[in-house]
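Chemist: Assemble the complex: chain A is given as a structure, and chain B must be docked to it using the hints.
Taken in sequence, the protein lines are chains A and B. As numbered in the working numbering, residues 1 to 344 make up the first sequence, in order. As numbered in the working numbering, residues 1001 to 1162 make up the second sequence, in order.
Be a bit skeptical, because a hint or two may be false.
In silico lysine-lysine, DSSO-like type, Cα no more than 27 Å apart, as pairs [said to hold, decoys possible]:
{"#": "1", "chain 1": "B", "residue 1": "K1028", "chain 2": "B", "residue 2": "K1004"}
{"#": "2", "chain 1": "B", "residue 1": "K1028", "chain 2": "A", "residue 2": "K6"}
{"#": "3", "chain 1": "A", "residue 1": "K6", "chain 2": "B", "residue 2": "K1141"}
{"#": "4", "chain 1": "A", "residue 1": "K6", "chain 2": "B", "residue 2": "K1119"}
Not everything, but these chain A residues come out facing chain B in the computed CB check (under 7 Å) [unchecked claim]:
{"#": "5", "residue": "L3"}
{"#": "6", "residue": "L4"}
{"#": "7", "residue": "L27"}
{"#": "8", "residue": "P28"}
{"#": "9", "residue": "V29"}
{"#": "10", "residue": "E31"}
{"#": "11", "residue": "T32"}
{"#": "12", "residue": "L35"}
{"#": "13", "residue": "T36"}
{"#": "14", "residue": "I38"}
{"#": "15", "residue": "V49"}
{"#": "16", "residue": "A52"}
{"#": "17", "residue": "N53"}
{"#": "18", "residue": "G54"}
{"#": "19", "residue": "V334"}
Pair by pair, the computed Cβ-Cβ distance ranges are [stated by the list, open to error]:
{"#": "20", "chain 1": "B", "residue 1": "G1067", "chain 2": "A", "residue 2": "A194", "range": "32 to 40 Å"}
{"#": "21", "chain 1": "B", "residue 1": "G1050", "chain 2": "A", "residue 2": "A198", "range": "56 to 64 Å"}
{"#": "22", "chain 1": "B", "residue 1": "Q1085", "chain 2": "A", "residue 2": "L196", "range": "43 to 51 Å"}
Worth flagging that the hints you see were computed from the coordinates, not collected in a lab. Quantities reported herein were computed from a predicted structural model and do not represent experimental measurements. Ideal Cβ placement from N, Cα and C applies to all residues, glycine included.
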Amino acid sequence: MGLLKKIVKAVVQAPAKIVQAIVKNPLPVIETIALTAIGVPAPIASAAVAAANGAKVGDIALAAATVYAGGQVGAAAGESAAAAGSSASTAQIAASAAGASTAAVTKALATGQPLDKAISSALTAGVIGGTAAGAVEGIKAATTENVPGLGLKAIPGQGTQLFAPDQQGYGITSRVPTEGGQGIFADPNVLLPASLSAYATPPSQVRAGAAGQVVPRYTAAGDYLTPTGMEAYNLPQETPQKVGPGMNVGGLSKEGESAARSLIGYGLGSAFGSTAGQTQQTSAKGGGGATLTGISSAPAAGSEALGQALRIGDPGAPIFGGEKDKGKKSGWNVESLRYMGQES
Amino acid sequence: MDKKPLSPPQEKSGFGQPQDMAVLDQVKKQRTNERLSTEEILQKEAERSGQDFDSMYQALAMGVEAGNVRIMRANNTLFIYDIVQPGVADFDVASADSDNIFSKSVQEFMQAMKVAGFKRISTSTNNPALSKALQAVTPVKSVRQVADETGQPEYELIVEVM
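Same shape as in the complex, but just chain A (with noise of 0.2 Å):
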């Protein structure tokens, strides 16, 4: 089956209106010449070369203003440029190798927007304000009535005409991810069914930061407005916590801190075999110089058992060898070979 039949074919029929409102809007089409031809300033032809390859409309003002803007092309695209705004054909060719309106783009050419820009604004005005806007305003006009099978049932109002021409900005958002974004933030109260909604949290308007303090969310400013008489929804602010060894755990009174590092020690006393009334010393690991004090406890049996196997529930056995063997060096070497072979 021919590509064209597998499209339309994939394509659910929209209703009359919405089609009507589509028709009514030309389709972004590249020409060959602005591939092909010989001169074709380096914004179009490098336009052209991303519309081919699928780019999205803003990688396509982009490839056009990189050229644009690039030292090698700049005298040439600027004098490009210029004929532009005077030639009907230099600007249809743009157009088309952008996949954009050449009405548009002669539109913007005369009121003095250089090519570039009147690329990235004819296609902003073609291909979404064309097809997407034409759709929307379909959808709109569609309103009065359901729209059967689409799942579309849009609202009347600015909030349905996200992609509108002269409505710039709408669907994207202001509020930019403090320090580089690092770290997405889903609101959890999207898992609630709705029966459990009373139970929803206000999402968190603070974030770790790369040091470990804590900042906003979001640099935009309005998260730092807050409605007269809305004071009292705001959040604590948090303070940054470090805890290391040595360091008082924040948020426990000093009994309090002293009961967890019973309790830790009491944790690793256990797992380790100490025996009845030994005072258990354990140094943290890299820690530096912390030091839990265990309370004293008798082992349990699978303790006292691994105790044995391991030889360090009688401190001070060396593992390998007794009394016979003192006056020789530990280690490996020929001696304790010997040693081994002997043994068995």
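Modeler: Chain B alone, transformed into the frame defined by chain A:
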């Protein structure tokens, strides 16, 4: 000498009526290869292939907007293609060109695809002119005859862009 009576004047043919002029306009456009609009080309393609123009246009508009489909134009031929992977595309043709101009259009399209960095393109067509034009322009890597959904034969062509 008897004079032979003159034949009666020819009846008025009605030529020159508006509907005839419309046909003449079309013929003129084809002969001079006047530039048709995209809609006109698609309209012709819809008539030729028996598809609904509105559906076709809507599908193309949505495909282009979604970035799945690109349309390249040479003369009065539209090359509709889908980028399968970088450098590889599947394409179809909607044309209002005469045969000799159509082969030039195919040539231009192939050149444009080369400039755009494509390496291989493929198509399924029942249009012998396309097959012929492609083979004239570039070596065809493979041709396979298959049956379309109606049982009619069509060709699957894979072409190296060079």
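Chemist: Each of the hints needs a verdict: does it hold here or not?
Modeler: Now for the hints, and whether the structure bears them out:
A hinted pair counts as satisfied when its Cα atoms are at most 27 Å apart, and B:K1028 with B:K1004 does not qualify at roughly 41 Å. The straight-line distance between the Cα atoms of B:K1028 and A:K6 is roughly 33 Å, outside the 27 Å bound, and the hint therefore fails. Simply put, A:K6 and B:K1141 have alpha-carbon atoms about 23 Å apart, close enough for the 27 Å limit, and the pair holds. Taking the CA atoms of A:K6 and B:K1119, the gap is near 23 Å; set against the 27 Å cutoff, the hint holds.
Residue-level restraint check for A:L3 holds (minimum Cβ-Cβ distance to chain B is 4 Å; threshold 7 Å). Interface hint status for A:L4: upheld, as the beta-carbon distance to the closest one in chain B is roughly 4 Å, under 7 Å. For A:L27, the shortest C-beta to C-beta distance to chain B is roughly 5 Å, which falls under 7 Å, so the interface hint holds. Taking 7 Å as the C-beta contact cut-off toward chain B, the hint placing A:P28 at the interface holds, the least distance being around 6 Å.
Annotation: interface hint on A:V29 holds; nearest CB of chain B at approximately 5 Å, less than 7 Å. Residue-level restraint check for A:E31 holds (minimum Cβ-Cβ distance to chain B is 6 Å; threshold 7 Å). Residue-level restraint check for A:T32 holds (minimum Cβ-Cβ distance to chain B is 4 Å; threshold 7 Å). Interface hint at A:L35: satisfied, since its Cβ lies 4 Å from the closest Cβ of chain B, which is below the 7 Å cut-off.
Checking A:T36 against chain B: minimum C-beta separation of about 5 Å stays under 7 Å; hint holds. Checking A:I38 against chain B by beta carbon gives a least distance of about 11 Å; that is not within 7 Å, so the hint is violated. Interface restraint check: A:V49 against chain B, minimum CB-CB distance 5 Å, threshold 7 Å, status holds. Interface restraint check: A:A52 against chain B, minimum CB-CB distance 4 Å, threshold 7 Å, status holds.
Evaluation of the A:N53 hint against chain B yields a held restraint, the C-beta minimum of about 6 Å falling below 7 Å. Contact between A:G54 and chain B, as hinted, is supported at the beta carbon level, the nearest pair being about 5 Å apart and thus within 7 Å. At its closest, the beta carbon of A:V334 sits 64 Å from a beta carbon of chain B; the interface hint therefore is violated under the 7 Å criterion. Between B:G1067 and A:A194, the C-beta spacing of about 35 Å keeps the proposed range 32 to 40 Å intact.
Checked against the hint of 56 to 64 Å, the pair B:G1050 and A:A198 passes, with Cβ atoms roughly 58 Å apart. Taken as a hint, the range 43 to 51 Å holds for the pair B:Q1085 and A:L196, whose Cβ atoms sit roughly 45 Å apart.
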